[in-house]
Amino acid sequence: MFYLIIVLFVAGYAAIAFERHLQVDKSAIALVTGALIWIFIAFGGDVPHQELIVHLGGIGELLIFLLGTMTIVEIIDSHGGFSILSKLINTTNKIKLLWIFSFLTFFLSAVLGNLSAAIVMITLMWKYISGHYLRCFFACMIVIAANAGGAWSPMGDITTTMLWIGERISTWQIIMQLFVPSLLCMMIPLIIISLSLKGEAVPPAHSDKIKSLAPTTDSERRMILLVGIGGLLLVPVFRAITQLPPFMGVLLVLAMIWIMTEILHRNQKGFKMRLTLPEVLKKINISNILYLLGILLAVAGLQSAGHLNILSNFFTEKVHNIYAINTAIGALSSVVDPVPLVAGMMEMYDAVSHGTLIAISDPERAAFVKHLVTDGSFWELLAYCAGTGGSIMIIGSTAGIAAMSMAKIDWMWYIKEISWLALIGYLSGIAAYFLIAG
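My numbering puts the sequence shown at residues 33 to 470.
Treat the hints with caution; some may be incorrect.
DEER-style ranges, computed between Cβ atoms [unchecked claim]:
id: 1; residue 1: E449; residue 2: L120; range: 22 to 30 Å
id: 2; residue 1: M288; residue 2: R52; range: 38 to 46 Å
id: 3; residue 1: K315; residue 2: T274; range: 28 to 36 Å
If you're looking for bench data, these hints aren't it; they were derived computationally from the structure. No residue lacks a Cβ here, since even glycine has one placed at the ideal position from N, Cα and C.
Start from the sequences, fold in the hints, and give me the full structure.
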């Protein structure tokens, strides 16, 4: 059974990677893989039923958190809240536009997540930029900025969120340690691309500014945007004060914005009724939640069956350099989904206590394990590498895949024109972290 589980996981992962060729949704493949791994474990008789329940508790925390944040973002978007961002853009200069879009994406991604931020900003960019070639460059820069912005925030990227909820990192520490490396990861490609841009951008003929299609007033859009964004920003504060899991803070914010929209639309009929939360929930992509459920169950199965323990011992005993390990993980995440990579690392290594460090007599092992404490360099660097490494390839992140579809970006063109820029930014951020963390 031990080797069959490895074969099953590799086969499932390969099927996910070739999802488009198989024409089978990756969520279904992930669920089948996760379920079969636990069935094989059950037949082996090595793992008690209770262990699956324990794993499911941690997975449930993450999924509820993500479902809540996705719903809040969708409510804001349905009410036209993001159209307010267009008021911050009042130039047609190509370089200025590129910098405005990049920095807006960088900070918006830290709150909304890199995928949502990329979609919002590419949609916004569409109203200011014409010409396929120029749009591709802007969309690619938005992807790099979204991934960089998501890495330094506990709510910005799914992998960073996993580490935060799993108590490998804390809010303020990850912000302080990764903000500069993430900013540099964006700035290097931004500066290089800016050197090739000249002149004024020509907006599409049909529209020179964005207009919201939502049947809401400006005051309603501002209110929903402020409550939604403000509430998400306060979730880490909520966790620090109450010591409750982050999903409780997100559910509180969701409940507040739900009540607000019910009051706003209680006397409305027709199209405006589509803005209520039950209607908004129909737009949420539940398949993404199920995909994560399947992947995390599969990785948890590998941990329970002992596969990840063997791998962790190899890294601990043979590979002592956290920079080598995490740089490789980031590079690998440019072609494969980083979620199972980070989930695997979290299952391989628990957050080590300082008491455990004292008990380790082997100096080389202790030198490696000391980075595994909560807020240790291993976890911080993993958050950065897994979050930003996906920019090296257009298919390496959900933001990149979304941009590829929206802007019709050819992946070979991305490799030729953008990959080297993203790689320089990625490595520059690692170097900056080395200097900051010592």
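Verification of the supplied hints:
1. E449 / L120: 22 to 30 Å: 28 Å Cβ-Cβ, so the 22 to 30 Å window holds.
2. M288 / R52: 38 to 46 Å: Check passed, 40 Å falls within 38 to 46 Å.
3. K315 / T274: 28 to 36 Å: Because 30 Å falls inside the window, the suggested range holds.
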